[in-house]
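Protein chains: 2
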Amino acid sequence: MREVAVIGAGMSRFGDRMDKGAAELLLEAFDEAVRSVDKGMEIKDIQMAFFGNQGVGGSQLALLAAQMVEAIGLCGIPAFRVENACSSSSFAFINAVQAVASGVCDVALAGGVEKMREISGKQVRQWMGVAGDNEWERQVGITFPGAYALAAQRHMLDFGTSREQLSMVAVKNHECGFYNPKAQLRMKITLEKALKSPIVAYPLNIFDCCPTSDGASAVIICAKEIASKYTDKAVTVLGYGAASDTISITNRKTITALKATIRAAQMAYRMAGIGPQEISFAEVHDCFTIAEIMAYEDLGFCPKGEGGKYVEAGHSRLGGMRPVNASGGLKSKGHPLGATGTAQIVEVFKQIRGEAEPERQVENNKVGLTHNAGGFGGTATVCIFGMR
Amino acid sequence: MREVAVIGAGMSRFGDRMDKGAAELLLEAFDEAVRSVDKGMEIKDIQMAFFGNQGVGGSQLALLAAQMVEAIGLCGIPAFRVENACSSSSFAFINAVQAVASGVCDVALAGGVEKMREISGKQVRQWMGVAGDNEWERQVGITFPGAYALAAQRHMLDFGTSREQLSMVAVKNHECGFYNPKAQLRMKITLEKALKSPIVAYPLNIFDCCPTSDGASAVIICAKEIASKYTDKAVTVLGYGAASDTISITNRKTITALKATIRAAQMAYRMAGIGPQEISFAEVHDCFTIAEIMAYEDLGFCPKGEGGKYVEAGHSRLGGMRPVNASGGLKSKGHPLGATGTAQIVEVFKQIRGEAEPERQVENNKVGLTHNAGGFGGTATVCIFGMR
Numbered sequence: 015m016r017e018v019a020v021i022g023a024g025m026s027r028f029g030d031r032m033d034k035g036a037a038e039l040l041l042e043a044f045d046e047a048v049r050s051v052d053k054g055m056e057i058k059d060i061q062m063a064f065f066g067n068q069g070v071g072g073s074q075l076a077l078l079a080a081q082m083v084e085a086i087g088l089c090g091i092p093a094f095r096v097e098n099a100c101s102s103s104s105f106a107f108i109n110a111v112q113a114v115a116s117g118v119c120d121v122a123l124a125g126g127v128e129k130m131r132e133i134s135g136k137q138v139r140q141w142m143g144v145a146g147d148n149e150w151e152r153q154v155g156i157t158f159p160g161a162y163a164l165a166a167q168r169h170m171l172d173f174g175t176s177r178e179q180l181s182m183v184a185v186k187n188h189e190c191g192f193y194n195p196k197a198q199l200r201m202k203i204t205l206e207k208a209l210k211s212p213i214v215a216y217p218l219n220i221f222d223c224c225p226t227s228d229g230a231s232a233v234i235i236c237a238k239e240i241a242s243k244y245t246d247k248a249v250t251v252l253g254y255g256a257a258s259d260t261i262s263i264t265n266r267k268t269i270t271a272l273k274a275t276i277r278a279a280q281m282a283y284r285m286a287g288i289g290p291q292e293i294s295f296a297e298v299h300d301c302f303t304i305a306e307i308m309a310y311e312d313l314g315f316c317p318k319g320e321g322g323k324y325v326e327a328g329h330s331r332l333g334g335m336r337p338v339n340a341s342g343g344l345k346s347k348g349h350p351l352g353a354t355g356t357a358q359i360v361e362v363f364k365q366i367r368g369e370a371e372p373e374r375q376v377e378n379n380k381v382g383l384t385h386n387a388g389g390f391g392g393t394a395t396v397c398i399f400g401m402r
Numbered sequence: 015m016r017e018v019a020v021i022g023a024g025m026s027r028f029g030d031r032m033d034k035g036a037a038e039l040l041l042e043a044f045d046e047a048v049r050s051v052d053k054g055m056e057i058k059d060i061q062m063a064f065f066g067n068q069g070v071g072g073s074q075l076a077l078l079a080a081q082m083v084e085a086i087g088l089c090g091i092p093a094f095r096v097e098n099a100c101s102s103s104s105f106a107f108i109n110a111v112q113a114v115a116s117g118v119c120d121v122a123l124a125g126g127v128e129k130m131r132e133i134s135g136k137q138v139r140q141w142m143g144v145a146g147d148n149e150w151e152r153q154v155g156i157t158f159p160g161a162y163a164l165a166a167q168r169h170m171l172d173f174g175t176s177r178e179q180l181s182m183v184a185v186k187n188h189e190c191g192f193y194n195p196k197a198q199l200r201m202k203i204t205l206e207k208a209l210k211s212p213i214v215a216y217p218l219n220i221f222d223c224c225p226t227s228d229g230a231s232a233v234i235i236c237a238k239e240i241a242s243k244y245t246d247k248a249v250t251v252l253g254y255g256a257a258s259d260t261i262s263i264t265n266r267k268t269i270t271a272l273k274a275t276i277r278a279a280q281m282a283y284r285m286a287g288i289g290p291q292e293i294s295f296a297e298v299h300d301c302f303t304i305a306e307i308m309a310y311e312d313l314g315f316c317p318k319g320e321g322g323k324y325v326e327a328g329h330s331r332l333g334g335m336r337p338v339n340a341s342g343g344l345k346s347k348g349h350p351l352g353a354t355g356t357a358q359i360v361e362v363f364k365q366i367r368g369e370a371e372p373e374r375q376v377e378n379n380k381v382g383l384t385h386n387a388g389g390f391g392g393t394a395t396v397c398i399f400g401m402r
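In the order they appear, the protein sequences are chains L and R.
So the mapping is simple: the numbering used here equals the position in the first sequence, first residue as 1, plus 14.
So the mapping is simple: the numbering used here equals the position in the second sequence, first residue as 1, plus 14.
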């Protein structure tokens, strides 16, 4: 396979973005991505574009890809919208990588956008809810906080994971997000505050849940053989994987692991020719604190059931053995569904190049991993990046 | 680029399909596709899946790709949903081709599905309408029949295209669809009947408009070098192209041509190394009769403005110089949005292999072209196939 590298990456500020529509948010992210290409680039070099978007709010509910390329000055090029719920833009990224790897084009754009804050909470629940199983779960009231709450209860029961360990994920991610100027919830929280916050779905408190967000992200990739034209600090795609699972959690053998994550990780590790021990840092899909704990296990960072102990031991904090979500994660940075996947890649790109804010720059930044899940793991991607 | 071939293709019957949900319709199409692989295949050979769907009705409004692979027995593999309005599944097909061409996998599935008949006409208009420009057109009442009616009026004014010529497209496509057991509207119509049918948006009558439909389609592709394992009659992807344009028609210099089609065709002809004169037959996006007339011109089958004369001369009818829409087209076969793109490829696959119903088998069937447009040409694809 032809090797592919990331040469530019940018994201909008996440959060309440009533100041901009979806197209303008994407332009904000794209502008930063283009400016980050340090030897400069003409945007007309970009030959294809792939956008992730679930379609929660925003003005253009279909054919969004065409609107997006027009907004960023690339009207005319092939543009694809990919919808795989919360993992939409990492799947869009994989399509972009495959386009460049196939040789049909040399430079491509992958990005994502979502506007969730302009519609009511009830509408957001409806629109997000459609990524859940329609027949057996959604219509009887299982929302995503409910599903992850069940997973947390089972994890606590089976493995002795504690309520405190869940909150430790939140405290850690808010600590990082505080130093990230793009993050939505920039505040440090104490373990006590997290533990005492109102319950959403037992055992998950408000501080176990990521917020709803507006935001966009954009990543420019090219064939590795021409990357030096654009930058001497290209970040190579070492491997990637993707997988699916039943949407319905009722049909699964376990709810304390996401099989799609496990499968995607296997594919990505195999392609990269490395194992979890060689991952220096990661951005994982912490839509809920329990999701991050499960991700440690599913990605092979620790044995099954030991995710709670892993965070308690400090292995995943900044300065720990393998920092996770130095961006603040979905929890503090925010989670505009369609933008999250490529936003994780933006973070890994910055970290590997040593360009994150000093307070949250990861020290061992050689190999970074992104993990992005859709629904309750109905889909998942894992991508591995490094400079080589 | 690694060459890619179609080894199997199938589609559900299009039309009122209250008997099946989206997943079951896709299974119907997939089953036929697998059975069409004449040397046989194990479905577990399929490594990735790409589905087109706009999301008009159906039970699973997000994360549909995961539901689809589960329904067809492939739960676990990477599955992507692509939404580019009416051109969704041809864009999904291009992603699949690029995946195989990149070398990441050898066998992939592209398909599409839509359920439009279970919701009310008003809901269908709302859901289809969201592929139109939101800010300047949709909200002031321009629906797709309205937009294409404007195009037809302008085409008549600028080029002398007649009301009769529009209807000749309908008569021709219904003639073919009558012999297609998968078609929704299996009836021959007379020119008089078409001309006297009720007006939808002047000058477009009811017989100038395609119906709303339920349906699914599926295409199995593989690296050409391994195709002989599955069939001795593989149909090669000779070239493909895709493009975008402004969604808003207000912003265009002309409404009598779709620039996205012109661009996509240029890319496809260049990749295939042939020109329009070498196309033996085609499936084009005749959502409205005027759209087919514009497609003749945009694809280079005839000079600009002469599309009306082209159909009148019989060049595009069965037995003519270059048959167009021998399947019945969207007009008679039906138009389940997300299924249309790959359904066109199903037809070309059958025609090239000489496997269409005798009454509608194209005689010169060497090189077939598909043309699929999204919205009012906000996106478009052109793919070229042949046996070589």
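No wet-lab data here; the hints were simulated from the structure.
Ideal Cβ placement from N, Cα and C applies to all residues, glycine included.
Careful, some of the hints might be misleading.
To be verified - Simulated coverage check for chain L against chain R, where a stretch passes if three residues somewhere in it have a Cβ under 8 Å from a Cβ of chain R:
# : segment
1 : 98-106
2 : 253-261
What the hints assert, rightly or not - Computed beta-carbon distance windows for the label pairs:
# : chain 1 : residue 1 : chain 2 : residue 2 : range
3 : L       : Ala-327   : R       : Met-15    : 16 to 22 Å
4 : R       : Pro-290   : L       : Met-15    : 54 to 60 Å
5 : R       : Ile-133   : L       : Arg-168   : 46 to 52 Å
6 : R       : Asp-30    : L       : Gly-334   : 56 to 62 Å
To see whether the hints hold, each was checked on the structure:
| no. | hint | in the structure |
| --- | --- | --- |
| 1 | 98-106 | holds (count 3) |
| 2 | 253-261 | holds (count 7) |
| 3 | L/Ala-327 x R/Met-15: 16 to 22 Å | violated, 49 Å |
| 4 | R/Pro-290 x L/Met-15: 54 to 60 Å | violated, 34 Å |
| 5 | R/Ile-133 x L/Arg-168: 46 to 52 Å | violated, 37 Å |
| 6 | R/Asp-30 x L/Gly-334: 56 to 62 Å | holds, 59 Å |
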